[in-house]
Amino acid sequence: MSTATPGGGGEVHHFRRMVAVWVVLSVALDLVYAFVLGPHVPPGTMTSTAANQQSDFNVLFIIAVPVVLAVWVYGAYALITWRASRSGPGDPAADARAHSHLGVQIGWIATTTVLVLGLFVFGLVELVVSTGAGGGQGPDPLWTPTSHEVLPVQVIGQQWAFTFRYPTFGGFETHDLVLPDDTTIAFHVTSLDVIHSFWAYQLGVKADANPSEDNIAYTTTQQVGSFTVRCAELCGLWHGAMFNDGRVVPKDQFMVWAQTTERDSAASTKLLPPFSYTYVPDANGADGGYYPDNVDPYSNVETYGAASPGTSG
Amino acid sequence: MSRGGRLAVCAVLVAAAAGLVVFAAMAFVGSTPSTVDFASGHEAGQPVDITVQTVGAIGFGPHPTWVSYLVKDPQGQWVHTTLWQVPAHTRVDMTVMQYDSGSPLRNQQWGRIVGTTGGVADYNGTPESVINSNDTNGVGHTFTIPTLGINVPLVGISPNAKNPCGSAPCTPNFNHNVITFSFETPGPGRYPWQCFVPCGAGYLYGNGGPMSTVGYMGGFLEVEA
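One line per chain: the protein sequences are U and G, in this order. Heads up: the first sequence runs through residues 3 to 315, numbered per the working numbering. Heads up: the second sequence runs through residues 32 to 256, numbered per the working numbering.
Isolated chain G (complex conformation) (with noise of 0.2 Å):
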């Protein structure tokens, strides 16, 4: 092959990875779900208030089967992310509307309710520091704040629900629970926060599929200054 032609096949070799290089950093550019702001401007003082809810199956996107989380955002839309930006040492008050179901823990331990102001969460009204998962209707997920310390379990509405949501985002028409309890943001960082229920079904443990991809099952509070 002459120079040239040897050249011209660097050249193309040369481009091409460019090119993977490109597709792959858009790829996962365009994976990476969107931070809801709920830091831009919040009064000093004021509590912030975040409004959630968890569905069996998303309905739409790359994996619709799948179990999530969504968010409403500061405008009142529901949007399928699971980074939350907060400020720093302010309280949150959180609701939960829970439209999934649920089921035994594999760890009773995450059914208890630790690190929320007066260490209980209200069900539906009720406050409750322990959950009994196989009383219940099960937990079917949990909110979960590892390094914070909190976690707030999320009793799954009955297996026998007559109008149970199939797709997100629900509306309150659907059978649901209300979760609500408080907790206060540390100083600025980025706090990751799951789920501990292993509802990723059809994976190994069921802790695969949501329960390993941001966005569904997991995500960050980042808290800023």
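With the rest of the complex left out, here is chain U (with noise of 0.2 Å):
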């Protein structure tokens, strides 16, 4: 144990024990976390954006593990050394240079400073670059995906279920939610009504459902299984009711579904309103549909297995 006086070299020596202790502590819990829970950490590598968001999240805890830490080792290691009811060197706390030692208040407003702004740039960076957020985007998205081949899906909320349009394979309407692997997919959200908002968790895809809007949230699949969606908006009495499951599916069996759902609903479909990326519900009560709001309803970068109704023949 030191021996450590006010003005003797034993602060050297608590300082250095406290900076050991702190190193080995922050790069064995980092190395644990990043190596054995960070690859678990939710929403998981379903796809692009949650991939994207697990390494976020991973970064931001591997960051914070030695900022915590600092603070935990010094709080220990002072109350293990420096309590009162020890007999040993005076307490630092009392003294006149532990309420003005520049050098520390410094270091630790100039670390803090750099963390912060760090991540701050570092949050900027991940939410307009490489596969975008995963967030709804507006009608105008910043960030747009580079692929090719967009499958589009329309998400309509509605009082209190989501379901599905795929205007590429004839404009059919679904309560299941199936996509292709390895495609970039965008999520064109949307409501009949009050604002709900779609929430595919573990694909890493979060978009307020606003009635004629289009909310627009991209993502590539790169694992298949299956998710779950929900509601994230409190909509009312049924809110907490309104989730469905999906799935991502290789893209062969994709393709199987998606023709055999489009032949099944054809009599269905036919009933519908054109494919529109918003509509106009009618806010009288039961009278009446939704009715497209004459927006071009078709991208000419978004195409998937069949050519869209709009730019065909």
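Accuracy of the hints is not assured; some may be wrong.
Between beta-carbon pairs, the in silico distance windows are [what the hints assert, rightly or not]:
(1) G:GLY150 to U:GLU151: 30 to 38 Å
(2) U:LEU62 to G:GLY150: 47 to 55 Å
(3) G:VAL52 to U:VAL127: 49 to 57 Å
(4) U:LYS253 to G:GLY180: 20 to 28 Å
(5) U:ASP266 to G:GLU74: 34 to 42 Å
(6) G:ASP166 to U:MET257: 48 to 56 Å
(7) G:TYR234 to U:VAL73: 47 to 55 Å
Hints are computed from structural coordinates only; laboratory data are not their basis. Quantities reported herein were computed from a predicted structural model and do not represent experimental measurements. We put the beta carbon where it would ideally sit given N, CA and C, even for glycine.
Two chains, two separate frames, one set of hints: put the complex together.
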């Protein structure tokens, strides 16, 4: 145990001890986190955006661990070494130097400033580059995918269920959200009544569903599996029951499913209004349907598997 | 104020708060619809028959003008509730007596019959898989259990019906449609069901009032082991 006395060489000794403990613990916990826990952090790696979010969480956590440990190690060390009941060196907290150590103050402020500003820049970059953030970007997305094969899927929120339209497969509407693997998806999220929020948790996608708005969110699938869709906006009595299960399947299975569903849904699809990115619902209760808002319903960059009805022929 | 006075004021306030809590609890309990039990005494392997009716105006209670479902209990009495207890992994044979009129669907997707045995429902004896709400009398309501993928549109009676029912429970003497279908119950759990026609007239987008009150146009299928 150190025999540090105020003004003596023991202060350096204490500091080195604390730093040594801090470095060892920080490296150990960060390594354990990065290689053991990190790969399992939600939302997983089913899509590019989910993987990106997992990576962001891990970066934040790995940076936060040394900061938290710096405080905890110092606190624990001080409690053990300088607690009042122990006969030994005087309490440095009562020493005038403890109140105005310029080096410590500058070091703390500089370190935390660099960390906060660095994470600020990191967060901004992650929002708009790489794979996008997976959030709804409105009708004019800042980030757009580079892939030339994008599958558009319309998400229609209504009290209290989501339905999904596939415009490049005849515009059929279904309660099942099925996506092909290894494909960039453009979710066009809208609502027929109040505000909902399309939250496909394992896909790392979350976008508000606003009436008369086309809120676009992109992601690229990279694993097959099932996922859950929930409404994340309190939207009325049955909000809690507004969820679906979805699936990411191999491309060939998706094509079979889409073509089969298109064929089986033909009778009901022809009763639907023409596909549009937004609709104008009738607000007068049960009377009337929902109508296209006359916005060009098909993007020239979104085609998948079949020609868009709006551009074919 | 003396110490005794302050204590008395505190005691009164505490008693008032407790009274409010008890009142709110009693009001909540009192407003919860009863549950009709189709599970007790059910013979394994036998289907469960559930008969319901939909009416344009319930005609009694705190909201007599609200549209509503009613269910016939195993003793044959009509009960104003939407909470039904049914056995697991059992066929349910549903009969819906639709006394309400209809209109075009806001989302025609709800005109498709899905999740029933054979993907069809019988409308006055005619099996259908899709209802065009623009061609018929329109769809008044749906019976939908989203988590089970079940949806059956309930075609409305003619808007020119000579003998529409004014208040529940309605008898077969009034104009009505009979819709029948079957589905299998899943494992135990509490499955919400609702109408997907925004039939809460007078409320924003038609989804308030009876659409947002358990006991009227939505409830729970409580599946027992």
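The hints, checked one at a time:
Taking 30 to 38 Å as the suggested C-beta distance range, the pair GLY150 (chain G) and GLU151 (chain U) conforms, at roughly 33 Å. Separation of LEU62 (chain U) from GLY150 (chain G) is about 49 Å and conforms to the stated range, judged on CB atoms against 47 to 55 Å. Take VAL52 (chain G) and VAL127 (chain U): their Cβ atoms lie about 52 Å apart, and the range 49 to 57 Å holds. Checked against the hint of 20 to 28 Å, the pair LYS253 (chain U) and GLY180 (chain G) passes, with Cβ atoms roughly 24 Å apart.
Taking the beta carbon of each, ASP266 (chain U) and GLU74 (chain G) are about 36 Å apart, inside 34 to 42 Å as hinted. About 33 Å separates the C-beta atoms of ASP166 (chain G) and MET257 (chain U), a value inconsistent with the hinted range of 48 to 56 Å. Checking the proposed 47 to 55 Å range against TYR234 (chain G) and VAL73 (chain U) shows it holds: the Cβ atoms sit about 53 Å from each other.
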